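Enquirer: As a plain string of letters, each chain reads:
Number of protein chains: 2
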Amino acid sequence: MVQHTEINRRIVLASRPVGAPTNENFRLEKIPKPIPKDGQILLRSIYLSLDPYMRGRMSDAASYADPVEVDAVMVGGTVCQVEATNHPNYQVGEWILAYIGWQDYALSDGSGLVRLGKPEKPSYALGILGMPGFTAYMGLLDIGQPKEGDTLVVAAATGPVGATVGQIAKLKGCKVIGVAGGEEKCAHARDVLGFDACLNHKADDFAEQLRAVCPKGVDIYFENVGGKVFDAVLPLFNNGARIPVCGLVSQYNATKLPDGPDRLSLLMGNILVKRLKMQGFIIFDYYEHYGEFVEEMSQWLSAGKIKYREQLVNGLENAPESFIGLLEGRNFGKLVIKVNDEL
Amino acid sequence: MVQHTEINRRIVLASRPVGAPTNENFRLEKIPKPIPKDGQILLRSIYLSLDPYMRGRMSDAASYADPVEVDAVMVGGTVCQVEATNHPNYQVGEWILAYIGWQDYALSDGSGLVRLGKPEKPSYALGILGMPGFTAYMGLLDIGQPKEGDTLVVAAATGPVGATVGQIAKLKGCKVIGVAGGEEKCAHARDVLGFDACLNHKADDFAEQLRAVCPKGVDIYFENVGGKVFDAVLPLFNNGARIPVCGLVSQYNATKLPDGPDRLSLLMGNILVKRLKMQGFIIFDYYEHYGEFVEEMSQWLSAGKIKYREQLVNGLENAPESFIGLLEGRNFGKLVIKVNDEL
Chain A
1 MVQHTEINRR IVLASRPVGA PTNENFRLEK IPKPIPKDGQ ILLRSIYLSL DPYMRGRMSD
61 AASYADPVEV DAVMVGGTVC QVEATNHPNY QVGEWILAYI GWQDYALSDG SGLVRLGKPE
121 KPSYALGILG MPGFTAYMGL LDIGQPKEGD TLVVAAATGP VGATVGQIAK LKGCKVIGVA
181 GGEEKCAHAR DVLGFDACLN HKADDFAEQL RAVCPKGVDI YFENVGGKVF DAVLPLFNNG
241 ARIPVCGLVS QYNATKLPDG PDRLSLLMGN ILVKRLKMQG FIIFDYYEHY GEFVEEMSQW
301 LSAGKIKYRE QLVNGLENAP ESFIGLLEGR NFGKLVIKVN DEL
Chain B
1 MVQHTEINRR IVLASRPVGA PTNENFRLEK IPKPIPKDGQ ILLRSIYLSL DPYMRGRMSD
61 AASYADPVEV DAVMVGGTVC QVEATNHPNY QVGEWILAYI GWQDYALSDG SGLVRLGKPE
121 KPSYALGILG MPGFTAYMGL LDIGQPKEGD TLVVAAATGP VGATVGQIAK LKGCKVIGVA
181 GGEEKCAHAR DVLGFDACLN HKADDFAEQL RAVCPKGVDI YFENVGGKVF DAVLPLFNNG
241 ARIPVCGLVS QYNATKLPDG PDRLSLLMGN ILVKRLKMQG FIIFDYYEHY GEFVEEMSQW
301 LSAGKIKYRE QLVNGLENAP ESFIGLLEGR NFGKLVIKVN DEL
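As you go down the protein sequences, you meet chains A and B in turn. Note that the numbering used here gives residue 10 to position 10 of the first sequence, counting from 1, and the numbers run on in steps of one. Note that the numbering used here gives residue 343 to position 343 of the second sequence, counting from 1, and the numbers run on in steps of one.
Derived from the structure by calculation, the hints contain no laboratory data. Each hint should be verified, as a subset may be incorrect.
It does not matter which identical chain is meant; a pair holds if it fits inside one copy or across any two.
Stated by the list, open to error - Result set (DSSO-like, lysine-lysine): computed pairs, CA atoms no more than 30 Å apart in a straight line:
1. K216 - K256
2. K274 - K228
3. K202 - K175
4. K256 - K228
5. K172 - K274
6. K147 - K274
7. K147 - K175
None of the values given here were measured: they were computed from a predicted structure.
Please construct the entire structure, taking both the sequences and the accompanying hints into account.
Expert: Printed below as a string of C-alpha cells:
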C-alpha cells in the first residue's frame with residue numbers, strides 16, 4: 001500500500017475486452033502526484049468500489065453512459081479524504097464521496113463532491129448507504145411494489161444489491177427466495193439475511209428446485225443477472241408480476257447472441273398473457289429520493305433490521321483481478337478495494 | 001339471413017387449429033331456438049364482434065381465459081335485442097350487450113348483461129364504445145402515459161384499437177406514426193384519422209422507412225402485433241420509452257418459436273440500458289374506469305374528434321372466413337358480423 005509518496009498510481013483501460021475482461025485489458029501506470037492550485041483540493045482515495053456496471057463502460061457499445069476511452073483511467077466511485085487543500089471550504093482530513101476512478105489521487109474544485117461528515121464506516125457510502133443500496137431500495141419499492149404475502153426472487157443474493165432487495169422485501173412481508181453461487185453464500189442468505197430460502201444456481205436441478213420453493217408462483221423478480229436464472233423464473237410468473245430490470249451480469253461478457261430458437265416472442269407472449277411489467281431503471285433517475293433513502297436505511301441499519309457484508313481487498317494493484325472475479329461471482333459481499341490508509 | 005325461424009344457428013369449434021385456423025376448425029350447427037322459462041329472456045343476436053383474441057381461445061394453451069371446448073359455441077361479444085321475455089325487468093326490443101358468442105339466440109336470466117338504452121349506432125358498443133375502444137384508451141393513457149411532443153408508433157393502424165390509440169395520442173399532442181398493411185389503409189390513417197404518417201409494413205424497406213419518419217426516436221410503442229413491426233421499432237426506442245403490450249396478432253398462429261439467434265437477452269439488454277417499461281394488460285383489469293371512458297369517448301365522437309370505421313359483413317355463416325381474414329389483416333376497420341335484422 002502506497003503511503004505519502006509523490007506517485008499517483010492509476011489503472012487505465014489498456015484495450016477493450018472481447019468477452020470476459022483479462023488482466024491484459026488493464027495497465028497500471030505511475031505518474032507524479034498532482035499538486036492543487038488555488039481553489040483546488042487533492043483527494044486521496046481510501047476506498048474504491050468495484051461494480052458490475054463497469055464492464056459496460058469498458059465497451060464502446062451505446063449505453064446510458066459514455067464508454068471509458070482506451071488509455072483513460074477506469075471509472076468508479078471512491079471514498080476519499082482531503083489530503084491537501086487550496087480551497088477555502090475544504091479542510092484536510094474531510095471525508096468525501098467522489099468519482100475519481102481507479103487511482104490514488106485526483107484534484108477537484110469541489111464540483112460533484114458529496115461530503116460524508118464524520119462517517120462511522122466510510123466505505124458504507126459505496127455500498128449499503130450508497131449506489132447499490134439505493135438501487136435496491138428504489139428498484140424494489142418503486143417498480144417492484146412489494147405487497148404482504150408476495151413471493152420475491154432475487155439473484156446475486158449476497159451481493160450488495162441482492163442482499164438489500166431481499167431484506168427490504170422481508171420487512172415488507174414478502175416471502176423471499178435468493179439465488180446465489182455456492183452453498184456458503186446460500187447459507188449466509190438464509191441464516192444471516194433471513195431469506196426464506198436460497199438456491200445454488202450451479203445445481204443441475206436448479207430450475208426444479210426453484211419451482212418447488214415457489215408453490216404460489218413468483219410476484220416479483222428483481223433482475224440483476226439474466227441468463228439461466230431468468231429462464232428458470234419465467235415460467236413461474238403470476239399474473240401481474242413485476243420485474244425491475246437492474247442488471248444482467250450474466251450477459252455482460254457475451255460477444256454474440258445465444259443460438260436459437262428465438263425466444264423474444266416467447267417473452268412478449270408471457271408479458272401479454274400474464275400482464276407482466278418489466279421495467280429497466282438506473283438509479284440516477286431517482287436522485288431526488290436519495291435523502292429519504294439514506295434516512296430510512298440508516299434507521300434500518302442501526303436497528304439491526306438490515307445486515308451488510310463487505311469484502312475488502314487491499315491494494316489498488318489488485319483491482320483488475322478482483323473485478324474479473326466479480327463478473328464471475330467470486331466475491332462474497334460488496335467488493336471494495338482499500339486503496340490507501342486513512343490520513 | 002335467418003328471420004323469425006324456429007332454428008338457432010351456431011358455430012362451434014370443430015377442432016383446434018394448428019397454425020392458422022381454417023374453415024375445417026369450425027362447424028355450423030342448427031338446433032331448435034330455445035324458449036325462455038320463467039325469469040328468462042330470449043336474446044336475438046343482431047351484431048357479433050370478431051376480434052383477434054378469439055384465436056387464443058381456440059387453443060388449449062394456458063392463458064388469461066379458459067379455452068373454448070371442442071364442440072362448444074365460439075365465444076364473442078354481441079349486441080342483441082330481447083326477442084321474447086318471461087322476465088319482469090326486460091321488455092321486447094331492448095338493446096343488450098351480451099356475450100352469447102357465434103350464434104343466433106341464447107337465453108339469459110339477466111346476469112352479466114349490459115343495457116344499451118336507445119343506442120344511435122348499436123354496433124358501436126362492440127367497437128369504439130366497447131372493448132376495443134376501451135382497450136386503446138386505458139392501455140395508452142395508463143401505461144403509455146403520452147406527453148406533448150412524444151413520438152408514438154402503433155400498428156394495425158386502421159383497426160379499432162390502433163385507430164383509436166393513434167387518434168387519442170394526437171389529441172394529447174403526440175406525433176403519431178401508424179403501420180398498416182397496404183396503401184389504402186395507410187391513406188385512411190393519414191387522411192381520415194389524421195396520423196402524421198402511416199407506413200405499409202409490406203414494403204421491403206419498411207424498417208428504414210420507419211427510422212426515417214422517427215428522427216427523434218420512439219417514446220411510446222403500442223404493441224398489438226409483434227413480429228417484424230416490433231423488430232423495426234426496437235432499435236428506435238428512446239430512454240424511458242413505454243410499451244403497452246395489448247396483443248401479438250402476428251404470432252397467434254405460430255406453431256413453434258422462430259429460428260435463432262435467441263434475442264431474449266437482446267430485449268432484456270434494451271430494457272435495461274434504455275430503461276424501457278413493457279407492460280401487458282387486459283382490459284378486464286380496468287372495469288372500474290369504464291364509465292369515465294364511455295363519457296369521454298362519446299364526447300370525442302360527437303365532436304368529430306375521433307373517427308371510427310366499421311366493416312360490416314352480413315350473415316353468421318360468413319364469420320369463420322371473416323375471422324380467418326382478420327388474422328391475416330384482410331379486414332379494414334372494426335370487423336362486425338350482422339347476424340340478424342333488428343326487430
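Enquirer: All hints, please: hold or fail.
Expert: Hints versus structure:
1. In this assembly of identical chains, K216 and K256 lie within 30 Å of each other by CA distance solely across copies; the values are 28 Å between and 35 Å within a copy.
2. When the C-alpha separation of K274 and K228 is checked against a cutoff of 30 Å, the pair qualifies both within a copy, at 20 Å, and between copies, at 22 Å.
3. Taking CA atoms no more than 30 Å apart as the test, K202 paired with K175 passes inside one copy only; the shortest distance there is 22 Å, against 49 Å between copies.
4. Taking the shortest alpha-carbon separations for K256 and K228, both the intra-copy value of 16 Å and the inter-copy value of 21 Å come in at or below 30 Å.
5. Proximity of K172 and K274 under a CA criterion of 30 Å is satisfied in both settings, with 24 Å inside one chain copy and 29 Å between copies.
6. For the identical chains of this complex, K147 and K274 are neighbours both inside a copy (18 Å) and across copies (27 Å), given an alpha-carbon limit of 30 Å.
7. Only within a single protomer do K147 and K175 lie at most 30 Å apart by alpha-carbon distance; the minimum there is 10 Å, versus 37 Å between protomers.
Of the numbered hints given earlier, the model fails none.
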